[in-house]
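Each chain, written out:
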Amino acid sequence: MEYIDLTRFLLAFFCGYFICLSGTLTQLISNNPLASPSTLGMDGFAVLFVIISQLIITFVGVETDLIGLSMRFFLLFFVLLIIFPSKKTREVWDILEIRNIIILGITFNLFVGAVFTILQFLFLAYNFEFPTGLWFGSLKIYTDSAIYIFALLFVFVKFFLFTQSQKLQFLNLGRSFATSMGVDIVKTQKGALLLSLFLTGFVINFFGVFSFLGLILPHILRRLKWFRIDMRKEIMYAPYLAGALIALLDWACYYFTVNGAELPVGMVSGILGSFLLIGLSIKSGFRRA
Amino acid sequence: MLIELENFTINNIDVSGSLLLESGEMTLLEGENGVGKTSIFHELNLNHKKYFKGRVVRIVDQMRLSPLNEISFRELILQMNEYRYEELDCFSDCMERIEKFQDTPINQLSGGQNQMVKIALNIYLSGDIFLFDEPLQFLDKENKIFFRSLVAKLLGSNKSICLVEHNDDSVKKLASKSYQVTLGDFIQVRSSNGVY
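Protein chains in written order, with our numbering: chain A, 1 to 289; chain B, 1001 to 1196.
Hints listed in this document are in silico derivations from the structure and should not be mistaken for laboratory results. These numbers were taken from a predicted model, which means no experiment stands behind them. Don't be surprised by glycine CBs; every beta carbon is placed ideally from N, CA and C. Heads up, some of the hints might be wrong.
[Said to hold, decoys possible] Straight line, CA to CA, 25 angstroms or less: simulated DMTMM-like cross-link-like pairs of lysine to aspartate or glutamate: (1) A:225 to B:1099; (2) B:1053 to B:1070; (3) A:233 to B:1075; (4) A:187 to B:1043; (5) A:283 to B:1165; (6) A:187 to B:1006; (7) B:1049 to A:184.
[As the list claims (entries may be wrong)] Stretch by stretch, here's where chain B covers chain A in the computed footprint (C-beta under 8 angstroms, at least three residues): (8) 28–34; (9) 173–183; (10) 223–229.
[Unchecked claim] Far from chain B, by Cβ distances over 12 angstroms, these chain A residues were calculated: (11) 54; (12) 170; (13) 234.
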């Protein structure tokens, strides 16, 4: 029996942790159980930078690795988003309601999907290499140095959760209640949204898209008795389980190959997640009926 | 305490006026639909530290409690225990009213049950001042009568109450004073001599 190495196992753990947390945060700030990094356009946002980077590498001829270039663009934009919002942007941000963000996010995802398809066609028509592997997240290709970056991000995330988990617990009961408990709603939502965006983009830049995980993992873990009634525990500890699940799933994909080819863990999670989502939707429908 | 409403707008219309809330008394906030009463409550909630200067304020508004998880009221108050301001005698009355559904996940409650849970939660947490924005919506006749008795007990405990209520005159009768919110070039809040 072949064993996956520890670095890959830990990277898979961190991916699962970050995606699950990202999903929980998006659901909390939108108070919508069907919200996810995908529906808020975060997947599309991160994929766009990878596409732009691939265009530059292919057509401009810049000799650099795709992940490095894409991460630079992503980080630069993210820093600009935080540090230099114009007064107008601040006004827009303050009045933009979550439901409008969801609509924009879905629209943006569709747009990026269309761009991805067109570019894929053009790249193949001109016999250029295209990052098709982006569409299904996989941990097959990684560098040892990535673990240090992920570990550093993990420490930052823990600090954020330590300072914000109580406020997010209040937010679970509604904006009005949270406000009455002294929570700065706009600041808390912004912080959670930005972190969610960063975590999603970070994972996608390194390893591709893991469809549905951000949506379905929080729902699965919320059904466990330790997290069913305690949002603070869910925020603080459920992502650990999610990380372990994804790490095990990745190990399974590595071990159980198809004619020697390794299934991308993002593809497997996408298929499983879509069935679970259908089941969840039906169950929610029955409950309302 | 006197609350000066200033330096904020509702739909880009300046608001001016003041509200006097006194211990053991209920103040009624009246006005036509859409004039800004709920928005005023929202502003008071948003900046409660500024307006109420350290007093503990509880607000029961029109928004439904809809947690993502399946927490029930009984489980919720256990989690909220450390944030409790004081124990009010009337909370036991609230528990009796919601006994049948206190173990039901809050996100599965009906509109009326959700409203009762909201009221009970704020009574549990307690405070110096209670703001009620149309608290009787979705409530049946018995629960409306219960709410009236609850208000009387809160006033007996020397709490300040500010109430927005359109329909139920029996609750409005407990008010000591009322304020009118009118919309013109600006939204004005001023004392009226409403008699109920």
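Requested in this report: Would you list, in rising numerical order, the hints stated earlier that this structure does not obey?
Outcome: Hints 2, 5, 12 and 13 contradicted; others consistent.
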